[in-house]
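Participant: Read off the chains here:
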Amino acid sequence: MTIAPDRVDQPEVDEDHETARSWQVVVWNDPVNLMSYVVWVLRKLFGHSKEKSTRLMLQVHNEGRAIVSSGPLEKAELDCHRLHHHGLWATLEQT
Amino acid sequence: MTGPFTVSGDRITFSVGDDEKDVLRSVPTLLEIGGDAEGRLDYTPHPDDEEAATRYRDLVGDDLAQMRRADQATFEMVLDGESGPPETIEAFMRVIGEARIVLAGRLGIEDDGWESEMDMQADPELALLGWLGYLQDAAVETLSELF
Chain P
22 MTIAPDRVDQ
32 PEVDEDHETA
42 RSWQVVVWND
52 PVNLMSYVVW
62 VLRKLFGHSK
72 EKSTRLMLQV
82 HNEGRAIVSS
92 GPLEKAELDC
102 HRLHHHGLWA
112 TLEQT
Chain G
36 MTGPFTVSGD
46 RITFSVGDDE
56 KDVLRSVPTL
66 LEIGGDAEGR
76 LDYTPHPDDE
86 EAATRYRDLV
96 GDDLAQMRRA
106 DQATFEMVLD
116 GESGPPETIE
126 AFMRVIGEAR
136 IVLAGRLGIE
146 DDGWESEMDM
156 QADPELALLG
166 WLGYLQDAAV
176 ETLSELF
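Line by line, the protein sequences are chains P and G. Letter 14 of the first sequence, counting from 1, is numbered 35 in the numbering used here, and no numbers are missing. Letter 71 of the second sequence, counting from 1, is numbered 106 in the numbering used here, and no numbers are missing.
Keep in mind that the hints are not guaranteed to be accurate.
[What the hints assert, rightly or not] Residues on chain P that point at chain G, a partial pick, calculated with CB under 10 Å:
| id | residue |
| --- | --- |
| 1 | Tyr-58 |
| 2 | Leu-79 |
| 3 | Cys-101 |
| 4 | His-105 |
Hint data in this document are derived by calculation from the structure and do not stem from the laboratory. Ideal Cβ placement from N, Cα and C applies to all residues, glycine included.
Just chain P, with the same shape it has in the complex:
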């Protein structure tokens, strides 16, 4: 680890890159997947704590959907692909 510098120049903003960053991965409720399984998948794929994964699972169950990750399109699509491989219904939304 290191300490933060005293002064940081304002970084240039790549507007295309910024646009590409704003994708959210949404997991939708389904009547089949077990709650315990969904918690395990979220821990496994995203490294969330058991508490955070449980909170997201309950949000999916109670509200019908939850945002489980976000990032550039390529990352979001990869996350979605991994969720599909685990049998979870996931889609992408651009913010």
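With the hints as your guide, set chain G onto chain P.
Facilitator: For chain G alone, kept in the frame of chain P given last:
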């Protein structure tokens, strides 16, 4: 030990009776082409954008199908009683999960709460759906202990 799973070091073994194994050996046939008539496993990240959905399909090709086939090969290895690392039980669990999704499609299950509304012993596929859920939950518990 959690139900049918036995952990020894970093390896896990699955063990059930021969009759139960026979039932499980029929599971991959549920997932063959045509088995998922309801299309419950036909996911797309871009359901409302056909152009993006097409680009995504071109990008991933049949990658998901290949991964599912690899999982099914591992599933059969696990059924043969071979011990394996946690990844083998993860594959086993995914196959069971896909089978449950397909079964639910066949049974017309659309909403939460079906377990309390349906007689689980009234239909062989419904009973299988319930039993596979028990196995998947046991697998989750076993794998969670290894986290």
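Participant: Against this structure, judge whether each hint is valid.
Facilitator: Hints and how they fare:
| no. | hint | result |
| --- | --- | --- |
| 1 | Tyr-58 | 5 Å, holds |
| 2 | Leu-79 | 13 Å, violated |
| 3 | Cys-101 | 4 Å, holds |
| 4 | His-105 | 4 Å, holds |
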